[in-house]
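Protein chains: 2
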Amino acid sequence: MQYITSLITATAKPPPDNAAVFSRWFVNHSSWGVLMTVDGQGFPFGNVISSSDGGTGIPYFYLSTLYDPTGMNALKNSKSCFTLSETALGTCGQADPQFPKCAKIALSGDVLRELVSVEEDSKEAAFAEAALFANHPQLSGWPKGHNFTVFKLRLKNIFLVNKLAPARYVPIDDYFKAI
Amino acid sequence: MQYITSLITATAKPPPDNAAVFSRWFVNHSSWGVLMTVDGQGFPFGNVISSSDGGTGIPYFYLSTLYDPTGMNALKNSKSCFTLSETALGTCGQADPQFPKCAKIALSGDVLRELVSVEEDSKEAAFAEAALFANHPQLSGWPKGHNFTVFKLRLKNIFLVNKLAPARYVPIDDYFKAI
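Going line by line, the protein sequences match chains A and B.
Start counting the first sequence at 1; every next residue gets the next number (full-length UniProt numbering).
Start counting the second sequence at 1; every next residue gets the next number (full-length UniProt numbering).
Careful, some of the hints might be misleading.
Note: identical chains are not told apart, hence a pair may lie in one copy or across any two.
Pairs of lysine-lysine, DSS-like flavour, derived with a Cα cap of 30 Å [unchecked claim]:
1. Lys-123 with Lys-177
2. Lys-76 with Lys-13
3. Lys-163 with Lys-123
4. Lys-156 with Lys-101
5. Lys-156 with Lys-76
6. Lys-101 with Lys-144
7. Lys-144 with Lys-177
8. Lys-177 with Lys-13
These are calculated hints, taken from the structure and not from any lab test.
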């Protein structure tokens with residue numbers, strides 16, 4: 001993987017038919033979503049989390065492992081999902097958020113803390129932090145005592161609804177090759 | 001419970017300190033969020049779902065139990081969470097969606113299908129459907145063959161962040177008594 005910030009998707013919303021291209025655009029252009037973990041009692045817990053993929057297709061997050069249930073849950077159980085609504089992008093027109101033509105995507109996988117002791121991961125962590133702070137300057141400089149650190153979502157399943165048709169599951173390889 | 005549509009909260013955003021009053025306003029004024037279930041492999045799954053509480057504080061949804069993972073998961077495992085961002089209300093100003101002053105709420109509990117054979121539940125289902133269709137006219141008239149039906153969230157925990165302070169857990173009794 002090349003950690004260069006020029007990897008960005010087209011600005012214009014792509015047509016809905018190519019699910020992989022549409023998904024890459026959707027993830028790249030979204031600035032926040034709901035990030036889920038599962039707690040010790042088996043309940044899902046969803047938090048509103050800002051994200052950036054820096055053009056790579058991988059969602060990155062900045063989480064506290066000390067005061068935030070999401071970060072604390074993730075260290076015990078990495079099973080996760082990150083869900084985005086096109087409503088947040090303002091490109092749904094008059095379509096209701098639940099109406100299929102207003103796109104929604106659920107990215108399932110494992111939410112992982114970067115292992116900064118491994119050189120390759122360290123490069124990725126630095127890239128991800130730069131991408132997050134570029135898109136979300138308000139996240140920069142948060143208290144060191146809160147143990148904020150970069151997490152990534154290792155994708156396993158991509159569920160996409162973006163037209164009047166059954167939901168589609170986008171193959172992970174297609175997603176990463178789409179750009 | 002009285003099923004009258006006049007039970008609505010104040011229009012203006014309340015100050016953040018009274019967590020129960022703020023939460024009722026937040027839930028009542030939100031039109032969509034991410035509704036989570038847990039699948040058979042223990043992964044959380046979040047879907048973008050429109051909601052209405054009809055002024056009662058109870059989030060109601062219109063879900064398919066035939067083609068939608070959320071409805072299908074819910075019938076097997078009711079553990080759920082419904083998460084809202086104040087960003088969607090447009091009242092966060094320039095605050096980043098993850099910044100604590102931009103409110104977020106995670107409503108945890110069980111997502112349940114109305115039992116229309118029980119008279120009281122039947123009244124509630126009719127009320128909920130009317131409230132949903134009033135706020136989301138595009139949900140009305142969806143194909144009967146998709147088994148769309150009303151679900152509710154039976155609240156167990158309310159996690160609220162709406163100011164520069166630790167997250168608060170709003171007692172359920174306080175929440176329902178707040179109006």
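ask   = Which of the listed hints are broken here?
value = Hints 2, 3 and 7 are the ones this structure does not satisfy, whereas the remaining hints hold.
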